[in-house]
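**Q** For reference, the chains in residue letters:
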Amino acid sequence: MADLRINLAGIASPNPFWLASAPPTNTGYQVQRAFEAGWGGAVWKTLGDPIINTSSRFAAVHFNGQRVAGFNNIELITDRPLEVNLKEIYETKKRFPNHAVIASLMVEPSREKWHEIVKQVEAVGVDGLELNFGCPHGMAERGMGAASGQQPDLVEAQTMWAKEAAQTPVIVKLTPNITDITATAKAATRGGADAISLINTINSLAGVDLDSWLTIPHVGGKGAHGGYCGPAVKPIALNMVAECARNPQVNIPISGIGGISNWRDAVEFMLMGATGVQVCTAAMHHGFSIVEDMIDGLNNYLDDKGLSSAMELIGKSVSRYSDWGDLDLNYQVVARIHEEECIVCNKCHIACEDTSHQCIERHTDEGGRAYLKVREEDCVGCNLCSIVCPVEGAISMVEVPSSAMPMSWNERQEAIAGIGGEGNAKSSAREAV
Amino acid sequence: MGIAFISEQTLRRNFAEVKAGMKRKEAVDESNRCLYCYDAPCMTACPTGINIPSFIKKIASGNLKGSARTIMDANPVGATCSRVCPTEELCEGACVLNHSSTPIRIGDLQRYATDWAIHNEQMLFSAGQSNGKRVAIIGGGPAGLSAARELARFGFAVTVFEAKEQAGGLDTYGIVSFRLPQEVSLWEVEQVRQLGVDIRTNAKVGADVSIEQLRREYDAIVLAIGMSKVPSLGIEGETLDGVFDAIDFVESTKTAVRTDIAGKRVAVIGAGNTAIDAATCSVRLGAMNVKIVYRRSAAEMTAYAFEYDFAKQDGVEFQWLTAPARIIGNAKGHVTALECIMMELEKTEEGRARPVPIPRSTFKLEVDAVILAIGQTRHLPLIEQLGIAHKRGIVTVDESSYQTSDPQIFAAGDVVFGEGQGEAMVVSAAQQGKKAAYAIYKQLIKLQEESA
Ligand SMILES: Cc1cc2nc3c(=O)[nH]c(=O)nc-3n(C[C@H](O)[C@H](O)[C@H](O)COP(=O)(O)OP(=O)(O)OC[C@H]3O[C@@H](n4cnc5c(N)ncnc54)[C@H](O)[C@@H]3O)c2cc1C
Ligand SMILES: Cc1cc2nc3c(=O)[nH]c(=O)nc-3n(C[C@H](O)[C@H](O)[C@H](O)COP(=O)(O)O)c2cc1C
Ligand code: SF4
Ligand code: SF4
Ligand code: SF4
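Residue numbers (UniProt numbering), protein chains in the order written: chain F, 1 to 433; chain V, 1 to 452.
The hints are simulated quantities; they were obtained by calculation from the structure and are not laboratory data. Treat the hints with care, since some could be wrong.
Straight-line C-alpha distance at most 16 Å; calculated EDC-like pairs for lysine to aspartate or glutamate [stated by the list, open to error]: (1) V:Lys25 <-> F:Glu141; (2) V:Lys23 <-> V:Glu89; (3) V:Lys23 <-> F:Asp378.
Under 8 Å between C-beta atoms, here's a sample of chain F residues computed to sit facing chain V [what the hints assert, rightly or not]: (4) Pro14; (5) Asn262; (6) Trp263; (7) Arg264; (8) Glu268; (9) His286; (10) Asp293; (11) Asn300; (12) Val391.
For every residue, glycine included, the Cβ atom is placed at its ideal position computed from N, Cα and C.
Using the sequences plus the hints, can you model the full thing?
**A** Here it is as structure tokens:
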């Protein structure tokens, strides 16, 4: 039994699994049910000035028979009165003193507004605050959420205002709808944030109906862009978390969000620098009980790895994440097909033949049995065949010794510059860093 | 009749588990097909209430240890059950996907997860803190093991008295190897033993151990002795050489190889699951011809549909509406034929058709062996000695606590099956064992604590 407790910027919770600010954390009833099911924390559905939500809000992308590969919504922040939410937060915290209850906040970019709401929620006993600079629709049109979250100076200023009033840790939730996530992450850090959380949802349109030609979803015949989340966004979120984790100017803890559906996803985010994770879509798809396997799976994983605490995972893979220019150009892998496992579907062959480097040959042995073989000298090690292969273990990518010493692009450019000439190469290599 | 020879190697192959375990990809694909229903009907349909969506989700997420634990937590003989449960009548029959697609292969997934635990030598549970109370369990079959496991987790000091050389009951000795290899049952026994349960084999209560001793030394007793031998038919020739009790017959194939059936003609009397097992066993032992002789018709047989199909696939023939009248032997006292009489079905008030003989319809089946599989008798002497209420050897229990008429004694499993009480299945034996354990915990610990 490993210790699953985490401490994120001073916020303690019994395990790293929190519900993200979204419909699952809309009410005290829901959050308390979630804690009963095992969730370690919850970020309350974003509080702010009253809004109205539309009817018809969500849509999903199903992929090859699996439902909810991605999820799209046009919901805004809470549509319940602030006093009601505050009362329920108070009751929830009283019933679950050891669970993390975080208030998510969104107000107009004004110092007074931030001071006011921070004081109100802290008065009912939250463990921390999350500033929602992420909602990509609706609120953004009013200059809040992603609209202010896309401008580093506004992120910095609002974080500062919130911090001026705050007694509890402040987490800044970032929008992914920006070219360089570290720009706003750094701004939050400068503003004094205690932690950042990411990602919020990504601008999206789930689909168009082929018969009515209406958007999916539509509200009385009209659609608007929504925010995308769920399993499909995980790689985008993971990269953004990793980029922040490895940036020395973002030296604050991270709460990882985006497409986390099980304990494996959570471990990946933690290895890439997240102190804990937040989940929305997976809970919406299956209910609160999915946390049981998250806890159990993480526990067994830590035991297997001989780790005594979940905190030991945090950031263990960050140093492995680097820039392209630092990758060893002389490292070489090739595909190797294991005939015992191969079912001769020829998918690897056609993938390589049509779309890669034409090096998987089809043969027939003396017994008339078909088999495939990689011409290793021509294989560039792109991984495509092993990606399309439907049989686990039929293709492995194996490292082959290189005759040359390891050398990255940056080192190469430097070496060339050292020999003299090509001065331009050197400066462009520096820029890439 | 020629002497047939069957090699030990062939026999071993014939008795190896028929069904292959799921491959990894198969298991992952299938587990991802499960909808993870809320208040899932499959779960309600499982007599032990295994959290099926949860264990399946854990296979999908790669948490196999957690998956095995979810299964074994609810069902201490979950590895056996994955192989022998009539799943189409239980969990899989209730799966919501029956309506729109094909049901999830719950049994196979359950086997996949428990096989993982077996192969990786996982120890899934630990004993509770000692509570100072002692419980004796008579009989180490699924009911007894299940009670023992739960009691050990509650912190009781548990001793299981088992008459045979190994524990596991019919899982170890009675269900044919090609459906349930003995190792699976013995692994489950080991899981219980590892909780500190003292499993004393070759210890028959009433003979090697006295009832008085148990009453004296233990705070509670769980009676889980199952049923006994096949009853006699009451016809001539039952003592001839070549007449077997189906349960003994199957047992003989679990522990060793037997070559005496090869090339022989076998008649199995009865049409329950035991008859099917005896018949398919005979086929695998190399019998030339195997007939199931049953006095009613296919519609009335008690064997599960999948068992019936399995027997047909094995080439077993069915002789319906046929009752045995006499077993005929030769001068050496060996079976040579079975004299039968044809029957017809007569409607009765109670509903179940009653077979009545058709006059002058006797005929002779030439056979070398007759296997009797017409139900099981009860361990009447021991039950009488215990002095607990019973109906013809079927021990009477309270349906929720499994307590007998003697408050110190609880009973679970086949020993309480019959007269509309219970079900003769491994999974129900396991559930009853659990319930008896909970009732003992309640009686000896919880109520004491509350009144203290
Ligand atoms: C041939 C056959 C096939 C079957 N197939 C299936 C199947 O496919 N699926 C299914 O669900 N069920 C099947 N069953 C039924 C199932 O095996 C039983 O319902 C189940 O084993 C009952 O469990 P139990 O613990 O009550 O009794 P048992 O399994 O009979 O265990 C009782 C134990 O008590 C011991 N014992 C008896 N007397 C004493 C004593 N005086 N002192 C100490 N120990 C004693 C016995 O040696 C035995 O080990 C089958 C049964 C048979 C006979
Ligand atoms: C219907 C819906 C409503 C949401 N509302 C909010 C919100 O009010 N405040 C907020 O910070 N994030 C909101 N989010 C974003 C989630 O908190 C989360 O960042 C995002 O869904 C990514 O996580 P996931 O992939 O686990 O769903 C919402 C998401 C969904 C699907
Ligand atoms: S889940 Fe279905 S029933 Fe519930 S609010 Fe949404 S549309 Fe209505
Ligand atoms: S894709 Fe995989 S299974 Fe198919 S032929 Fe290639 S190696 Fe074999
Ligand atoms: S009913 Fe079927 S689909 Fe639903 S949880 Fe059970 S096995 Fe899965």
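**Q** Run every hint past the structure and note whether it holds.
**A** Results of checking the hints against the structure:
Restraint check for Lys25 of chain V and Glu141 of chain F: the C-alpha separation of about 47 Å exceeds 16 Å, so the hint is violated. Restraint check: the Cα-Cα separation between Lys23 of chain V and Glu89 of chain V comes to about 25 Å, which exceeds 16 Å; the hinted pair is violated. Our distance criterion of 16 Å between C-alpha atoms is broken by Lys23 of chain V and Asp378 of chain F, whose separation comes to about 33 Å. Proximity of Pro14 of chain F to chain V is violated relative to the hint, the smallest CB-CB distance being about 18 Å (cut-off 8 Å).
For Asn262 of chain F, the shortest C-beta to C-beta distance to chain V is roughly 4 Å, which falls under 8 Å, so the interface hint holds. For Trp263 of chain F, the shortest C-beta to C-beta distance to chain V is roughly 6 Å, which falls under 8 Å, so the interface hint holds. Taken as an interface hint, Arg264 of chain F checks out: its beta carbon lies about 6 Å from the nearest beta carbon of chain V, inside 8 Å. Because the beta carbon of Glu268 of chain F sits about 13 Å from the nearest beta carbon in chain V, more than 8 Å, this interface hint is broken.
Annotation: His286 of chain F was flagged as interfacial toward chain V, and the flag holds, the nearest CB pair being 5 Å apart, inside 8 Å. With its C-beta approaching chain V no nearer than about 5 Å, Asp293 of chain F sits inside the 8 Å limit, and its interface hint holds. Hint on Asn300 of chain F holds. Least Cβ distance to chain V is approximately 5 Å, under the 8 Å limit. Contact between Val391 of chain F and chain V, as hinted, is supported at the beta carbon level, the nearest pair being about 7 Å apart and thus within 8 Å.
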